[in-house]
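The numbers in the working numbering rise by one with no breaks, and the one at position 20 of the sequence shown is 20.
Since the hints were made in silico from the structure, they are not lab data.
Given the structure is predicted, the values throughout are model-derived calculations rather than measurements.
Be aware that a few hints might be false.
Below, simulated DSS-like cross-link-like pairs (lysine-lysine); rule was C-alpha separation at most 30 angstroms, straight line [said to hold, decoys possible]:
#1 K3 / K15
#2 K36 / K12
#3 K12 / K23
#4 K21 / K36
#5 K36 / K11
#6 K70 / K23
#7 K11 / K70
#8 K12 / K70
#9 K36 / K3
#10 K23 / K3
#11 K3 / K70
#12 K15 / K36
#13 K36 / K70
#14 K3 / K21
#15 K23 / K36
#16 K11 / K21
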Amino acid sequence: MNKAELIEEIKKVCKVRNDIKIKMVVTGEDWSLDAKYVFLSESGAYVTDTLYLVNIDELDAESLNRIYQKIFLDFPHNENELVDPQVAIC
């Protein structure tokens, strides 16, 4: 997936299950952040270390891919939960 597709997929997962613990180092252009959570707000999707907020648009594709893989693998897949079929893998 390209960067724009990864951002949209992360936002889709956050619409169903927000404030997702990720615990990973994410990077952008000439910086890194030890991110604890990814979440969706009215103004966009962000990662945070609980002190700083970084819009996921500022992350590199590798970091976005790792976040997507982490939240996708940790995403609960049970029949009682509302899941977007474009996001869920069974």
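Hints and how they fare:
| no. | hint | verdict |
| --- | --- | --- |
| 1 | K3 / K15 | holds, 19 angstroms |
| 2 | K36 / K12 | holds, 19 angstroms |
| 3 | K12 / K23 | holds, 20 angstroms |
| 4 | K21 / K36 | holds, 6 angstroms |
| 5 | K36 / K11 | holds, 17 angstroms |
| 6 | K70 / K23 | holds, 10 angstroms |
| 7 | K11 / K70 | holds, 14 angstroms |
| 8 | K12 / K70 | holds, 14 angstroms |
| 9 | K36 / K3 | holds, 21 angstroms |
| 10 | K23 / K3 | holds, 20 angstroms |
| 11 | K3 / K70 | holds, 16 angstroms |
| 12 | K15 / K36 | holds, 18 angstroms |
| 13 | K36 / K70 | holds, 12 angstroms |
| 14 | K3 / K21 | holds, 21 angstroms |
| 15 | K23 / K36 | holds, 4 angstroms |
| 16 | K11 / K21 | holds, 14 angstroms |
Consistency with the previously given hints is maintained throughout, with no hint failing.
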